[in-house]
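From first to last, the protein sequence lines stand for chains A and B. Going by our numbering, the first residue of the first sequence is number 138, and it counts up by one from there. Going by our numbering, the first residue of the second sequence is number 2, and it counts up by one from there.
Derived from the structure by calculation, the hints contain no laboratory data. Some hints could be false.
[Stated by the list, open to error] Okay, derived cross-link-like pairs now, DSBU-like style, lysine-lysine, Cα gap no bigger than 35 Å in a straight line:
#1 206(A) / 19(B)
#2 37(B) / 206(A)
#3 19(B) / 243(A)
#4 37(B) / 189(A)
#5 243(A) / 20(B)
[Said to hold, decoys possible] Looking from chain B toward chain A, a few residues come up when the C-beta cut is under 8 Å (computed):
#6 4
#7 6
#8 102
Note that beta-carbon positions come from the ideal geometry of N, C-alpha and C, so glycine has one too.
The residues making up each chain are set out below.
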Amino acid sequence: DAKTTQPPSMDCAEGRAANLPCNHSTISGNEYVYWYRQIHSQGPQYIIHGLKNNETNEMASLIITEDRKSSTLILPHATLRDTAVYYCIVRVYTGVWGAGTKLIIKP
Amino acid sequence: ETGVTQTPRHLVMGMTNKKSLKCEQHLGHNAMYWYKQSAKKPLELMFVYSLEERVENNSVPSRFSPECPNSSHLFLHLHTLQPEDSALYLCASSPQTGDGYTFGSGTRLTVV
Chain A
138 DAKTTQPPSM DCAEGRAANL PCNHSTISGN EYVYWYRQIH SQGPQYIIHG LKNNETNEMA
198 SLIITEDRKS STLILPHATL RDTAVYYCIV RVYTGVWGAG TKLIIKP
Chain B
2 ETGVTQTPRH LVMGMTNKKS LKCEQHLGHN AMYWYKQSAK KPLELMFVYS LEERVENNSV
62 PSRFSPECPN SSHLFLHLHT LQPEDSALYL CASSPQTGDG YTFGSGTRLT VV
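Using the sequences and the hints given, assemble the complete structure.
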């Protein structure tokens with residue numbers, strides 16, 4: 138299984154863009170990068186996913202490097218409600234989720 | 002609601018009790034999953050079902066017994082649990098195994 142590496146925690150000021158990095162250097166050619174977030178003790182919420190191209194939806198943007206070994210999730214205008222643990226996952230059907238990045242949005 | 006409904010939301014049970022967790026999805030998904038999340042620990046995959054057949058059992062103790070009667074429903078039967086089994090139990094579904102998940106809100110289980 139491809140594994141991911143994320144910083145354990147990050148802070149971001151409210152209203153600013155939050156950029157969350159993820160390394161996935163062992164990703165296979167057909168594996169997607171998925172991002173989820175988990176707000177305290179709730180089920181994880183799907184944010185976005187991508188294979189090669191950059192993706193954008195109403196929640197976030199996903200930037201994937203050309204070699205696909207890393208990606209960045211961008212929350213363009215972070216709000217206090219974006220405070221959560223953010224998980225970067227490759228090969229979703231896996232038991233290995235990792236600890237994610239705890240993102241704290243500060244007023 | 003996310004489309005995946007879990008009941009009950011909270012459960013307190015004694016070590017000698019038998020209880021069941023229920024998960025229901027009407028998203029038309031063919032794969033369903035049970036995850037366990039202990040306090041301050043990452044999610045651990047427990048079981049995977051695809052088209053009502055169990056395709057993965059991640060070395061889960063036999064005191065946890067899953068059941069998938071149809072593609073919309075998934076149960077986790079619990080008996081003679083230990084206090085260390087106290088955790089958030091999450092159900093998820095996806096169109097096929099390997100696709101992105103939709104998670105339920107979870108059942109917070111406390112074993113006393």
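For the hint on residue 6(B), does the least C-beta distance to chain A fall short of 8 Å? This hint is violated: residue 6(B) lies away from chain A, its Cβ roughly 11 Å from the closest one there, beyond 8 Å.
Just to be careful, I want the Cα atoms of residue 37(B) and residue 206(A) compared with a cutoff of 35 Å; is the pair within it? holds (29 Å)
Quick check on the hint: residue 102(B) CB to chain A CB, less than 8 Å? holds (6 Å)
Distance restraint between residue 37(B) and residue 189(A), which requires alpha-carbon spacing of 35 Å or less: Answer holds: residue 37(B) to residue 189(A) is near 31 Å, not above 35 Å.
Restraint check for residue 206(A) with residue 19(B), where alpha carbons must lie at most 35 Å apart: At roughly 46 Å apart (the allowed maximum being 35 Å), residue 19(B) and residue 206(A) break the hint.
Holds or violated: is the Cβ of residue 4(B) closer than 8 Å to a Cβ in chain A? At about 11 Å, which exceeds the 8 Å cut-off, the nearest Cβ of chain A leaves the hint on residue 4(B) violated.
Are the Cα positions of residue 243(A) and residue 20(B) separated by 35 Å at most? violated (42 Å)
Restraint status (C-alpha distance of residue 19(B) to residue 243(A) at most 35 Å): violated (44 Å)
Violated hints, in rising order: 1, 3, 5, 6, 7; the structure is consistent with all others.
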